[in-house]
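2 protein chains.
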Amino acid sequence: MPVKLRVFSLNCWGIRYLSKHRTQRYAMIGDHLSKERHDVVLLQEVWSEKDFLFLKKKLGSTHPFSHYFKSGFFGSGLAVFSRHTIHDAYLYRYSLNGYPYMAHHGDWFGGKAVGKILLNVSGLSVHVFVTHLHAEYCREQDSYLPHRVVQAWELMNFIRHTSAGADVVILGGDLNMQPGDLGMKLLHGYTGLQDCFTETAAFDGCEQGFTHIMDNLFTNKQELIPLGGGIRIDYVFFKGSKRVDVRCESLTTTKGVVPGHPFPYSDHEALCAELLLCPSEEGKGESVPEKDNTAGKLSDLVNTVTEARTEVKVGVHCAERMRHTAARLAIMGLVLLLLELAIAAVPYLAMGADQPFPKTTFYLLGALCFAVLLSTTLLYIFYTMEVKALQGTEDQMRLAVGSLHERLREFPKAACKGRSQRECDGLDPNTPDPDE
Amino acid sequence: MPVKLRVFSLNCWGIRYLSKHRTQRYAMIGDHLSKERHDVVLLQEVWSEKDFLFLKKKLGSTHPFSHYFKSGFFGSGLAVFSRHTIHDAYLYRYSLNGYPYMAHHGDWFGGKAVGKILLNVSGLSVHVFVTHLHAEYCREQDSYLPHRVVQAWELMNFIRHTSAGADVVILGGDLNMQPGDLGMKLLHGYTGLQDCFTETAAFDGCEQGFTHIMDNLFTNKQELIPLGGGIRIDYVFFKGSKRVDVRCESLTTTKGVVPGHPFPYSDHEALCAELLLCPSEEGKGESVPEKDNTAGKLSDLVNTVTEARTEVKVGVHCAERMRHTAARLAIMGLVLLLLELAIAAVPYLAMGADQPFPKTTFYLLGALCFAVLLSTTLLYIFYTMEVKALQGTEDQMRLAVGSLHERLREFPKAACKGRSQRECDGLDPNTPDPDE
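Sequences listed follow chains A and B, in order.
Residues 900 to 1335 in my numbering are what the first sequence lists, from first letter to last.
Residues 900 to 1335 in my numbering are what the second sequence lists, from first letter to last.
Pulled out of the complex, with its shape left as it was, chain A reads as follows (with noise of 0.2 angstroms):
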């Protein structure tokens, strides 16, 4: 018998004391959930553990199980709501997540990750992931490039790694990415999750599925206009398994306005995506990249995971680039405290010799010397962890192109007829080589 299994995604905007009508749009999204009586439901930016609270007691009835995700300083803002038990909960907090000087954008606060929970629903273990990531403040010189393209790595693997005994999987969240961006790239292509937008025939919702609109009242008009007027960067993704098929009946999303109320629920627009579950023992759904895979997909995987290498590779020169010069004001700071003391004992040495500094530039230097030799070593620690967790990836991507070509040299020969070697070896013939 097929299972019908309704999910539900929303990032919340739920910043104490800055979003507006916090209060009122946690009530609405209370009132709207326990109406709606999705199976789970997934929810990004709840950063205050009492709006979570609120909502647990108000979706006592309907949404027995639940899990709020800590972590990080404000906590993750991950939420899930379930009708059904939820056996496990697991965190991965990813490594990489903005820079905490960058307080105004606040990311590296709330300590981004991927939650993890486990369902039995009729006798399937069904596997949820929601996940929030690094937000993109500027599309045309993201200095965050590589942080997310981190996280789209840490979050791919995480789900490869972890959901091989699953029979169905589901991630949502808002994954601040656009179809088509590298990090979609490497998720899709590493664990074969599908876009319940693109496999859906029943779509009810904003024009091409955009889920950050002009007509939201809490939208910053401005920042969306150069971006053609909205953007996709929300989404429920579902995978079957060998013995699941998985099909998405339907896909709905808010437009901006909640019927009855003054306001809508967020500045993001809400997902319901209406999944199918019909255990089979011809399921079609399996993980990607399986052996039945054409060179050309194992191809395009080299492609987008030597695109990212490069994405990462800018960010570590970046990072040394911080770092090295955070070493060099450290290292000024020293000297000039160093040449102060030494100015400021050679009175003392000299016995009688008058005090060429003045007390006061002496004292205030001294401190500021001090301040800059501090904040300087702290960014140093900071920006050498970047590197490291940089490099780190950058050797698990290196490896996993490694491996990808291995699995492109099992193809027959007669597959790359007509095509350079270093087309078959799953290389683009336009793209330099990152090892050099």
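There's no promise every hint is true.
Because identical chains cannot be distinguished in the list, a pair is counted as satisfied if it fits within a single copy or across any two copies.
[Claimed, not checked] Result set (DSS-like, lysine-lysine): computed pairs, CA atoms no more than 30 angstroms apart in a straight line:
1. K1084 / K957
2. K1141 / K955
3. K919 / K1141
4. K919 / K1154
5. K1258 / K955
6. K919 / K949
7. K1154 / K949
8. K1212 / K1258
9. K1212 / K949
10. K957 / K1196
11. K1212 / K956
12. K957 / K1212
13. K949 / K1258
14. K1141 / K934
Because the hints were derived from the structure by calculation, they are not lab data.
Computed from a prediction, not measured in an experiment: that's the story for all the values here.
Please arrange chain B on chain A, whose structure you already have, making use of the hints.
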């Protein structure tokens, strides 16, 4: 056909400028490894990448595949060498790992983690894990215990969640826990991993399998005397699956001296396990806990998780207390700073009145207040993140206890005859309920 797999594990004690005879010891380790040609070599505390590259060069012909896991400030210290192709590498950084201001212990700066590599040995999928947990500096008053329990919990979860598709699971490393310690019970109870030392009939090594012994030239003997002259904290674990039966044929450890050399390889003893993988239709190895576990075993696991949860709760209390202290100091610093500014501002406002503050005192006090404010703010952020990580783990543990209770309830009531309801629920009748 059974396959033989030889696994080597060693904590290399490779701290640059601090560890004695580091260069000579790495040369000795390299010689030993290239002579012995183990299938998999798991190294910990390889803190310098240069040392890894030295070994990589030296083992180029015997162990063509290697991976160095990068993380934290110094790195994770984890390195793997293999005679079989490494198809994939993955790293999980523990969310807690000591305190940055405990620089003399240094654990925080080494980004402790668990690394995973994927091997294909004679068609079998072998998942190899290597890790190094936070050191234990004082067994009686171990302030790092909550952190180590969280690490053990995360290690166990990482193995459990990522090895569903494995034919063989191997874990090696310096766990900094003795057999019977809380973290070890978590690891055994949940993953079903078997300890080579207890499972093999052919052991050749130090008394009781100790890997940190008095006879080692580098050992601080004063530390080991109260611990009975030796401890076993380095391990090789294994687990089979339905497809493969795994046996430990033999386990050997070094005994403090290396014949023909003036000093040992490290301050830890090296382990070498010989595993026999027997592909079979009726392999006995299977993941634990399975349905066929006895109620007693599940009940033991409930007690272990409950104990771990209590320990984590103690950690939450400590971290909250520290956070509270940091907050109070930060407020004090801020108030003092404002007060000072106010006092200094009075003469300016009263125009012509004498400046009551000697300038030197003014600037010194100002700098001190500012330093207190800055450092306590950073500490406040750090402790908040510690509290969140501990609370997150505690939530997962509460969920785990709930799941175990549910499975216990599935056991026939008959099994409960003669036992109290509390015992039947899998609770130690003497352990208080951590929910209270």
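Evaluated hints:
no., hint, in the structure
1, K1084 / K957, "neither (38 angstroms within a copy, 38 angstroms between copies)"
2, K1141 / K955, "neither (35 angstroms within a copy, 41 angstroms between copies)"
3, K919 / K1141, "neither (46 angstroms within a copy, 55 angstroms between copies)"
4, K919 / K1154, "within (18 angstroms within a copy, 67 angstroms between copies)"
5, K1258 / K955, "neither (60 angstroms within a copy, 57 angstroms between copies)"
6, K919 / K949, "within (17 angstroms within a copy, 53 angstroms between copies)"
7, K1154 / K949, "within (28 angstroms within a copy, 56 angstroms between copies)"
8, K1212 / K1258, "neither (48 angstroms within a copy, 51 angstroms between copies)"
9, K1212 / K949, "between (41 angstroms within a copy, 20 angstroms between copies)"
10, K957 / K1196, "neither (47 angstroms within a copy, 37 angstroms between copies)"
11, K1212 / K956, "between (47 angstroms within a copy, 24 angstroms between copies)"
12, K957 / K1212, "between (47 angstroms within a copy, 27 angstroms between copies)"
13, K949 / K1258, "neither (51 angstroms within a copy, 48 angstroms between copies)"
14, K1141 / K934, "neither (34 angstroms within a copy, 45 angstroms between copies)"
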